[in-house]
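A.B. asks: Chain by chain, the residues:
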Amino acid sequence: MDLFRAHVLVCGGTGCTSSGSAELIRRFEEQLELNGLEKEIKVVRTGCFGLCEAGPVVIVYPEGTFYSRVKPDDVNEIVAEHLIKGRQVQRLVYSAEKSQVATSLNQMQFYEKQKRIALRNCGVIDPENIDEYIAFDGYQALGKALTEMSREEVIDTVKKSGLRGRGGGGFPTGLKWEFAFKSAADQKFVCCNADEGDPGAFMDRSVLEGDPHAVLEAMAIAGYAIGASEGWIYVRAEYPIAVKRLYIAIEQAREYNLLGKGIFGTDFNFDINIRLGAGAFVCGEETALMTSIEGKRGEPRPRPPFPAVKGLFESPTILNNVETFANIPQILINGWEWFASMGTERSKGTKVFALGGKINNTGLVEIPMGTPLRDIIFDIGGGIPGGKAFKAVQTGGPSGGCIPSSLIDTPIEYDSLIAIGSMMGSGGMIVMDEDNCMVDIARFFLDFTVDESCGKCVPCRIGTRRMLEILERIVDGKGEEEDIPKLESLAKTIKATALCGLGQTAPNPVLSTLRYFRDEYEAHIKEKRCPAGHCQALLQYFITDKCVGCTKCARICPVGAITGKVKEHHVIDQAKCIKCGQCVENCRFNAIIKK
Amino acid sequence: MTDAKKVDKYQELQGAIKRHHGERGALMPVLQEAQSIFGYVPQDVQIQIAEGLNVPLTEVYGVATFYSQFALEPRGEHVIGVCLGTACYVKGSQKVMDRIAQELNVEVGHTTPDGKFTLNATRCLGACGLAPVIMIDEEVYGRLKPDEVPGILAKYQA
Numbered sequence: 021m022d023l024f025r026a027h028v029l030v031c032g033g034t035g036c037t038s039s040g041s042a043e044l045i046r047r048f049e050e051q052l053e054l055n056g057l058e059k060e061i062k063v064v065r066t067g068c069f070g071l072c073e074a075g076p077v078v079i080v081y082p083e084g085t086f087y088s089r090v091k092p093d094d095v096n097e098i099v100a101e102h103l104i105k106g107r108q109v110q111r112l113v114y115s116a117e118k119s120q121v122a123t124s125l126n127q128m129q130f131y132e133k134q135k136r137i138a139l140r141n142c143g144v145i146d147p148e149n150i151d152e153y154i155a156f157d158g159y160q161a162l163g164k165a166l167t168e169m170s171r172e173e174v175i176d177t178v179k180k181s182g183l184r185g186r187g188g189g190g191f192p193t194g195l196k197w198e199f200a201f202k203s204a205a206d207q208k209f210v211c212c213n214a215d216e217g218d219p220g221a222f223m224d225r226s227v228l229e230g231d232p233h234a235v236l237e238a239m240a241i242a243g244y245a246i247g248a249s250e251g252w253i254y255v256r257a258e259y260p261i262a263v264k265r266l267y268i269a270i271e272q273a274r275e276y277n278l279l280g281k282g283i284f285g286t287d288f289n290f291d292i293n294i295r296l297g298a299g300a301f302v303c304g305e306e307t308a309l310m311t312s313i314e315g316k317r318g319e320p321r322p323r324p325p326f327p328a329v330k331g332l333f334e335s336p337t338i339l340n341n342v343e344t345f346a347n348i349p350q351i352l353i354n355g356w357e358w359f360a361s362m363g364t365e366r367s368k369g370t371k372v373f374a375l376g377g378k379i380n381n382t383g384l385v386e387i388p389m390g391t392p393l394r395d396i397i398f399d400i401g402g403g404i405p406g407g408k409a410f411k412a413v414q415t416g417g418p419s420g421g422c423i424p425s426s427l428i429d430t431p432i433e434y435d436s437l438i439a440i441g442s443m444m445g446s447g448g449m450i451v452m453d454e455d456n457c458m459v460d461i462a463r464f465f466l467d468f469t470v471d472e473s474c475g476k477c478v479p480c481r482i483g484t485r486r487m488l489e490i491l492e493r494i495v496d497g498k499g500e501e502e503d504i505p506k507l508e509s510l511a512k513t514i515k516a517t518a519l520c521g522l523g524q525t526a527p528n529p530v531l532s533t534l535r536y537f538r539d540e541y542e543a544h545i546k547e548k549r550c551p552a553g554h555c556q557a558l559l560q561y562f563i564t565d566k567c568v569g570c571t572k573c574a575r576i577c578p579v580g581a582i583t584g585k586v587k588e589h590h591v592i593d594q595a596k597c598i599k600c601g602q603c604v605e606n607c608r609f610n611a612i613i614k615k
Numbered sequence: 070m071t072d073a074k075k076v077d078k079y080q081e082l083q084g085a086i087k088r089h090h091g092e093r094g095a096l097m098p099v100l101q102e103a104q105s106i107f108g109y110v111p112q113d114v115q116i117q118i119a120e121g122l123n124v125p126l127t128e129v130y131g132v133a134t135f136y137s138q139f140a141l142e143p144r145g146e147h148v149i150g151v152c153l154g155t156a157c158y159v160k161g162s163q164k165v166m167d168r169i170a171q172e173l174n175v176e177v178g179h180t181t182p183d184g185k186f187t188l189n190a191t192r193c194l195g196a197c198g199l200a201p202v203i204m205i206d207e208e209v210y211g212r213l214k215p216d217e218v219p220g221i222l223a224k225y226q227a
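Order-wise, the sequence lines are chains R and V.
FYI, the numbering used here numbers position 485 of the first sequence as 505, with every residue one higher than the one before it.
FYI, the numbering used here numbers position 138 of the second sequence as 207, with every residue one higher than the one before it.
Chain R with its partners taken away, still in its complex shape (with noise of 0.2 Å):
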């Protein structure tokens, strides 16, 4: 093997590689060939680095300098200063605040609090070559239980690590294993959920990306487990990165004989193949997954029978998210021990999070179970941009809800969040601020599971539907005295009746608004106001003292709602108001208010 004096990492995730970090990859190499160093320096595009904010991002090793929104142009100068002359260009470091540059991931804030077990080769090897994976004991973990452990053995270390599910249920995957290899048959299925669908979650789209052999070698081993030999990818084709990947990374793994027959020399027989979802979010639900990779429409089915018994294509079959998946070869690697000594009582080991929304380092976290939300946001997130007050943050996606400030110092644990009306789920974190309306995010997940439910049960197809039209028209200023007892009760009955996960926790997200922002749809309902200034049908806009008459607005506003003389103090006319903002927008002496 080829030894370099130093390596360019480019992040080739999906949020750098629209920001551009492709034609950086190009200029790289470009330039290392011009000057001569292609046998020195080695560029590597690799997996997410975690933090999106400052993409695209470029990490120059041995030291470990971390370049942020690295541009094209930029890439001359930092080949002729740091790669050729040892001095890293400054202005292109990353810091967090200005005062302190950060030369090195361990000494950014964003990282100092994490830990990173499921991430661990993201942004660190080349996802598209196996030997690297290899390197960084990759398939130990594979050779490990089939060469050294029995089936019993297996399934006990991932039982006894207190692994819980990822994805979002929290289910205990070695008891899910167990069921499994219990369930007498022929044939068994291994089946991976890769159909991240909650919005703002965007933590399993990088483990594939940037590490997609730990996500091939833990499905081996859950198959070895259970004693499956065929494992099924259902993967979103909206991911286009990340389905190439799987495919290079199992044609690889094939080729190396790590899938496939007679894997380690043993009689263990294993291979993967890949199904691409077609955009329905009901699918990441179990039972739907199965089914829709059976061709048919994705929709459930009641359980019993669980897919430990009867899965896919009628034969026993696990199913896991990506997250858990990646945690598997390190726990056989480092013992159940380990794992379970980090995180809490009732939940084990490390979860990944997707910060996105109002926070200043938007970006993938990992972080030991346990840790208070109060560390993620401020420690690691930065904070709340533009000096704006933190007011929520949602987890859990449309099946969760939203987490008022009073609570940030609830530790993060499956239980601890459902104590408080939200849930993990697959791990998004969308921070609010007071611009943001609670009522219209309520609304605004309601409308998302209308548009997803598949139509199979009623208190799902219909009753979102309703408690959608009660929302709508409170955020339209038509809101009634009985809408939130009408509200409240058709929640219940929902979470109650639905057939599946999806509508059985539809509700969540206005149920939590409604526990912690009460007033909010009260103001809404009595007094006809949005006390966040979101809602256009309640606002109305004022022009202030701070207006000069320069006569910007007055020519803008496409209705003519402005009058007034140049150099004089103009006034809207809310009759013709139409709430376009177009005035606020373009006022340059911030004179114009909404309220």
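Read the hints as simulated data drawn from the structure, not as lab findings.
Every residue gets a Cβ at the ideal spot worked out from N, C-alpha and C, and that includes glycine.
Among these hints, one or two may not hold up.
[As the list claims (entries may be wrong)] Short derived list, chain V residues pointing at chain R, Cβ under 10 Å:
{"no.": "1", "residue": "G94"}
{"no.": "2", "residue": "M97"}
{"no.": "3", "residue": "L122"}
{"no.": "4", "residue": "S137"}
{"no.": "5", "residue": "F139"}
{"no.": "6", "residue": "C157"}
{"no.": "7", "residue": "K160"}
{"no.": "8", "residue": "A196"}
{"no.": "9", "residue": "G198"}
{"no.": "10", "residue": "Y210"}
{"no.": "11", "residue": "D216"}
Following the hints, complete the assembly by docking chain V onto the known chain R.
C.D. replies: Relative to the frame of chain R, chain V by itself:
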């Protein structure tokens, strides 16, 4: 479309049907290939798939209408997807959407009369770090402001 090109496409479809024939759960991958060959899944294509895979046409239609990826009507030359995932929504993607609809004078889910653009609301694209995000064909535009919309659209209007 010239007749020769049309024939090619139907041959490609037959090839896809043949490759997946007999495979368990073949309907979805075949529909996905059909969608990429034709850009949508018209009725005659559904009939060919039903006959080729020996499944009832009702089932083909049922699956094609269940999943949002499959279009039964032809789409515009460029497909614009505005992400309305949570992260994008709280960062104002609805305003970006409204602006595009206004610029192109088209409703969400529809195609402009000249067949140039189809405007869709998409599910989360997983690029939440760049919110708000839109995708035109395969190209992703992030950290968007409504005022940047006309400039981006102009690139495709040529």
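A.B. asks: Hint by hint, note whether the structure agrees.
C.D. replies: Each hint tested on the structure:
| no. | hint | result |
| --- | --- | --- |
| 1 | G94 | holds, 3 Å |
| 2 | M97 | holds, 5 Å |
| 3 | L122 | holds, 9 Å |
| 4 | S137 | holds, 4 Å |
| 5 | F139 | holds, 7 Å |
| 6 | C157 | holds, 8 Å |
| 7 | K160 | holds, 7 Å |
| 8 | A196 | holds, 5 Å |
| 9 | G198 | holds, 2 Å |
| 10 | Y210 | holds, 8 Å |
| 11 | D216 | holds, 8 Å |
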